[in-house]
Amino acid sequence: MRRILASLLLLGLGAAAGAQTGFHLGGKVTTTFGAAFDGTIPVASARLELHATGDVGSGILPDASFEAELIAGYDGAGSGTDVHLGKAYATLYLGDIDLIVGQQIAFWGSTDAVNPEDVLNPRDLRFPVADPADQRIPTPMIRAIVHDRQDALKLDLVLLPVFRASEEPGTAWQAGGTISLPLPPGVTVVGQAPTQDDLPAARLANVQFGARVTLDLDALSGGDVSLAYVHGIRTTPTVSVTTVPTSTPGQVLVRSVLDYDRYDLLGADFSLATAHAVFRGEAAATFTHDPDGTDPTIGNPGYQAVLEAEHTFPSGATATLEGILEHVGADKGRDNATTTFSSLATIAYDAGPRLSAQAAWLHDYSDGSGMVRPGLSYTFAGGVTGDAELYLFYGRDGSRYGSWRHDSQLRVALTYAF
Amino acid sequence: MPRHTFLSLLAVLCVAAGAAHGYAQTYTTGAAVMAAVDARPAPKALISTMTMTITSRSGQSLTRTMRIWSADGGDSEVVKFTAPADIAGSGFLSLKRADGSTDAMVYLPALDRTRRIAGSQKQQAFFGSDFSYEDISDLQTGTHETYDNELLKVDPGPVYVVQATPRPGTDTSYSKLVLHVPEATLIPSRIEFYRAGALLKVMTIGKTTVVDGYTLPSEMRMASASGGSTTTLQQSDVSVAASIPAEVFTERFLTR
Numbered sequence: 001m002r003r004i005l006a007s008l009l010l011l012g013l014g015a016a017a018g019a020q021t022g023f024h025l026g027g028k029v030t031t032t033f034g035a036a037f038d039g040t041i042p043v044a045s046a047r048l049e050l051h052a053t054g055d056v057g058s059g060i061l062p063d064a065s066f067e068a069e070l071i072a073g074y075d076g077a078g079s080g081t082d083v084h085l086g087k088a089y090a091t092l093y094l095g096d097i098d099l100i101v102g103q104q105i106a107f108w109g110s111t112d113a114v115n116p117e118d119v120l121n122p123r124d125l126r127f128p129v130a131d132p133a134d135q136r137i138p139t140p141m142i143r144a145i146v147h148d149r150q151d152a153l154k155l156d157l158v159l160l161p162v163f164r165a166s167e168e169p170g171t172a173w174q175a176g177g178t179i180s181l182p183l184p185p186g187v188t189v190v191g192q193a194p195t196q197d198d199l200p201a202a203r204l205a206n207v208q209f210g211a212r213v214t215l216d217l218d219a220l221s222g223g224d225v226s227l228a229y230v231h232g233i234r235t236t237p238t239v240s241v242t243t244v245p246t247s248t249p250g251q252v253l254v255r256s257v258l259d260y261d262r263y264d265l266l267g268a269d270f271s272l273a274t275a276h277a278v279f280r281g282e283a284a285a286t287f288t289h290d291p292d293g294t295d296p297t298i299g300n301p302g303y304q305a306v307l308e309a310e311h312t313f314p315s316g317a318t319a320t321l322e323g324i325l326e327h328v329g330a331d332k333g334r335d336n337a338t339t340t341f342s343s344l345a346t347i348a349y350d351a352g353p354r355l356s357a358q359a360a361w362l363h364d365y366s367d368g369s370g371m372v373r374p375g376l377s378y379t380f381a382g383g384v385t386g387d388a389e390l391y392l393f394y395g396r397d398g399s400r401y402g403s404w405r406h407d408s409q410l411r412v413a414l415t416y417a418f
Numbered sequence: 001m002p003r004h005t006f007l008s009l010l011a012v013l014c015v016a017a018g019a020a021h022g023y024a025q026t027y028t029t030g031a032a033v034m035a036a037v038d039a040r041p042a043p044k045a046l047i048s049t050m051t052m053t054i055t056s057r058s059g060q061s062l063t064r065t066m067r068i069w070s071a072d073g074g075d076s077e078v079v080k081f082t083a084p085a086d087i088a089g090s091g092f093l094s095l096k097r098a099d100g101s102t103d104a105m106v107y108l109p110a111l112d113r114t115r116r117i118a119g120s121q122k123q124q125a126f127f128g129s130d131f132s133y134e135d136i137s138d139l140q141t142g143t144h145e146t147y148d149n150e151l152l153k154v155d156p157g158p159v160y161v162v163q164a165t166p167r168p169g170t171d172t173s174y175s176k177l178v179l180h181v182p183e184a185t186l187i188p189s190r191i192e193f194y195r196a197g198a199l200l201k202v203m204t205i206g207k208t209t210v211v212d213g214y215t216l217p218s219e220m221r222m223a224s225a226s227g228g229s230t231t232t233l234q235q236s237d238v239s240v241a242a243s244i245p246a247e248v249f250t251e252r253f254l255t256r
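Protein chains in written order, with my numbering: chain Y, 1 to 418; chain C, 1 to 256.
Hints should not be assumed to be uniformly reliable.
Simulated restraints on C-beta separations [unchecked claim]: (1) C:Thr-209 <-> Y:Tyr-394: 55 to 61 Å; (2) C:Leu-108 <-> Y:Leu-94: 24 to 30 Å; (3) Y:Leu-94 <-> C:Thr-209: 19 to 25 Å; (4) C:Thr-209 <-> Y:His-231: 53 to 59 Å.
Some but not every residue of chain Y turned toward chain C, in silico, with C-beta under 8 Å [stated by the list, open to error]: (5) Ala-275; (6) His-276; (7) Gly-383; (8) Gly-386; (9) Ala-417; (10) Phe-418.
Covered by chain C, according to a simulated footprint, are these stretches of chain Y (three or more residues, beta-carbon under 8 Å) [stated by the list, open to error]: (11) 61 to 73; (12) 311 to 323; (13) 342 to 354; (14) 374 to 382.
These aren't lab readings, by the way, just hints derived from the structure by calculation. Note that CB positions come from ideal geometry on N, CA and C, so glycine has one too.
Please work from the sequences and hints to get the whole structure.
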C-alpha cells in the first residue's frame with residue numbers, strides 16, 4: 001500500500017517532487033462521409049480526439065503513466081453533436097504488477113474480428129459492422145496485471161464497479177422481428193407503452209469481475225494459451241414484451257422491456273506461430289441464470305468458438321481464414337435452439353509505403369447471407385491518411401445480413417493525426 | 001576442377017591481385033573475413049533513435065521516427081515508433097531463442113493488442129519500408145556463424161566480397177547474402193540480399209559513427225533491386241549500455 005501511495009504521489013506531484021516527467025499532447029481529426037445504396041447519407045461527420053499521455057519516472061521503465069482522451073463529434077446525418085470523455089486512466093507500475101485505474105479498454109482474446117472472450121467493454125453498435133476495435137467503449141475499471149519476471153505467465157484481474165450498456169444499432173440496422181405475446185380471450189392491444197429499460201443499478205450485487213491467465217509457450221515460433229472467467233452483465237439487452245392495462249377493461253398496451261442478463265463466462269484462447277502461418281483460436285461458453293430457458297427476460301446459455309489461420313504469401317499479401325461456430329440454447333419446451341456456422345476471409349496487401357488494400361468476406365452458412373467489404377487506405381503525408389470502404393450485404397429478407405441489403409454503403413474518411 | 005580447389009585458386013588470385021594493387025590483405029577466406037566481422041568490438045546493449053525515410057520512385061518521401069533498444073548483440077530487440085502520430089506507439093519485439101529461431105510480435109495501439117508473427121511474415125515490409133521485419137531484427141546482429149562464407153573476390157581497399165549462404169536450419173528467408181567488407185572498418189559497406197537466387201534488394205551503409213569507442217553504422221540505405229522505393233535509416237542519440245533490463249524485452253514493455 002505504501003508503494004501505491006508513493007506512486008500516486010509521483011504521478012500527481014511528479015514535477016514538484018523532482019521526478020522526471022514526460023507529457024505529450026496529440027490528437028486526431030477525422031471527417032467521414034457515407035452514401036448508402038438506398039439514397040440516404042448514413043454518416044456525414046467530423047470528429048476531434050485530443051489525447052494527453054504522460055509518465056513519471058527516471059528510468060527506462062516509468063513509475064506511473066496516464067492517458068486521457070476528450071472526444072468531440074458532429075454528425076449531420078445522425079446523432080448530432082456529442083462531447084465525451086474517452087479513455088481516462090492512470091497506470092501504476094508496482095514491480096511486477098501494473099495497476100490500472102479509470103475509464104479504459106481491456107481486450108481479451110486472440111482471434112481477429114470475432115472474439116467470444118472480449119466482453120468487458122460495452123460497444124458502440126450504431127454502425128454495427130464497424131471494426132470491433134473502433135466499437136469498444138472505454139468503461140470504468142480497476143485492473144491489475146501481474147507479470148512474472150520471465151514474461152512467461154500473466155494474470156489479468158479486472159473489476160467493473162458500474163455497469164454501462166452498449167449503444168444500440170441505429171434504426172436502419174434494427175431487425176424487424178416480432179415477439180409473440182399470448183393474450184387472454186377478449187383482450188386487445190390498443191397501443192404501445194414507452195420502453196422499460198431495466199439498467200442494472202450501481203450496487204454491490206451488480207459489480208462485474210473477471211480473471212484471465214496467460215501462459216507463454218516456448219513452442220515453434222512462439223505461442224501462448226489463456227483461460228478466462230468473467231462474472232458479468234450482458235451489455236446488450238434481452239428484449240421481452242409485456243402488457244400494460246389501460247383504463248378500459250379488455251384493452252392493453254404492449255411494452256418492450258430491456259433486461260441485461262447476469263452471466264458467467266468461461267473462455268479459452270491460444271495463438272501459435274509456425275514457420276508459415278499463425279494459428280489462433282478462441283472459445284467461450286456463457287451460462288445465464290436461466291439454464292432451462294424458462295424466463296423470457298433472460299437470454300439462454302450458449303457458446304461461441306472461433307478458429308483462425310493466417311498466412312503471408314511471398315507477394316506480401318496476408319490472408320486470414322476464420323471459422324465461427326455459435327450456439328444458443330432453446331427455450332424450455334421448444335425446439336428453437338440455434339446453431340450457426342460462419343466464415344470470415346480477409347486479405348490485406350501493402351502496395352508500397354502509402355497504399356494498402358484490404359478485403360473481407362463474411363458469410364453465414366445457415367441462411368446464405370453475408371457481407372463483402374473491400375477497402376483502400378492511402379497515406380498522403382506523415383499523419384494524413386485517407387480511407388475508402390465499401391460495405392455490400394447480400395442474402396434474402398429476414399436473413400442475418402440480407403436484412404441490411406439496403407444499408408449497403410460506401411464510406412470515405414480523411415484523418416489527420418497530430 | 002573440384003570446387004574447393006577452384007576456391008583456393010580464386011583466393012590465391014585475389015591475394016595476388018591485392019598485392020598487385022599495393023594494399024595489404026589480412027584475410028584469405030570468407031570464413032576468416034566474417035569471423036573478423038563477428039569479432040569486431042560491439043556493444044552488448046544499445047539504445048538509439050532511428051529516423052526512417054521512405055522515398056518512392058517518384059521522389060515523394062515519408063519520414064518515421066522510432067526508438068530502438070537492442071541487447072545481446074542484437075538478439076533481443078524492441079522498436080517503438082514515436083512519430084508521426086498515426087503510427088506512434090506501434091512497436092515490434094524480436095527475441096532470438098537458443099535454437100536459432102526468432103520469436104516476434106507486433107503491437108498496434110489502434111487494435112490495443114499484440115500479434116505474433118509467423119516465420120514467413122518476417123519477410124513482410126516493416127511498416128511500409130524497404131526493410132523487412134527480418135532485416136530490422138538482424139540489424140544489430142553481427143553473427144554469421146550459421147552461414148557458409150565464401151570469398152568471391154577482393155576489391156581495392158581491400159574490400160572483401162563474401163558470399164554468405166545460410167546453412168540448413170538458419171532462421172532466414174534469404175537464399176544468400178553478398179557482403180562487401182572493407183578491411184579498415186570490418187563493417188559491411190554493402191549487402192546484397194538474394195531470394196531464390198534472384199537479387200531482391202541492396203543495403204548500403206553510408207556513414208558510421210564512433211560511440212564510446214565502438215564504430216557503429218549511422219546511416220543505412222535499402223533499395224529494392226527492381227528500382228522502386230528506397231528507405232534510409234539514420235541512427236542518432238546512440239547510447240551504449242552495459243546491459244538493458246530484461247523487462248524491456250517483454251510484451252509488457254512493448255505495449256506501454
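For each hint, the structure was consulted:
1. As the Cβ distance of Thr-209 (chain C) to Tyr-394 (chain Y) is approximately 59 Å, the hint placing it in 55 to 61 Å holds.
2. Distance hint for Leu-108 (chain C) and Leu-94 (chain Y): a CB-CB separation of about 26 Å, consistent with the stated range 24 to 30 Å.
3. Between Leu-94 (chain Y) and Thr-209 (chain C) the beta carbon distance is about 39 Å. The supplied range of 19 to 25 Å is therefore violated.
4. Here the CB-CB span from Thr-209 (chain C) to His-231 (chain Y) is close to 57 Å, well matched to the stated 53 to 59 Å.
5. Interface restraint check: Ala-275 (chain Y) against chain C, minimum CB-CB distance 4 Å, threshold 8 Å, status holds.
6. Among the interface hints, the one on His-276 (chain Y) holds; its C-beta lies about 5 Å from the nearest C-beta in chain C, closer than the 8 Å criterion.
7. Satisfaction of the interface hint for Gly-383 (chain Y) is found here, the shortest Cβ-Cβ separation to chain C being roughly 4 Å, below the 8 Å cut-off.
8. For Gly-386 (chain Y), the suggested interface contact is broken, since its CB lies about 12 Å from the closest CB of chain C, more than 8 Å.
9. The closest approach between the C-beta of Ala-417 (chain Y) and any C-beta of chain C is roughly 4 Å, which is under the 8 Å cut-off, so the hint is satisfied.
10. With a cut of 8 Å, the hint placing Phe-418 (chain Y) at the interface with chain C holds, because the nearest CB-to-CB distance is about 5 Å.
11. Given as covered by chain C, the region 61 to 73 of chain Y passes the check, having 3 residues with a CB less than 8 Å from a CB of that chain where 3 are the minimum.
12. Here the region 311 to 323 of chain Y counts 5 residues with a CB under 8 Å from a CB of chain C, which clears the bar of 3, and the coverage holds.
13. Counting residues of the region 342 to 354 of chain Y whose CB lies closer than 8 Å to any CB of chain C gives 4, which reaches the minimum of 3, so the coverage claim holds.
14. A stretch counts as covered by a chain when three or more of its residues have a beta carbon under 8 Å from one of that chain; for the region 374 to 382 of chain Y and chain C the count is 3, and the coverage holds.
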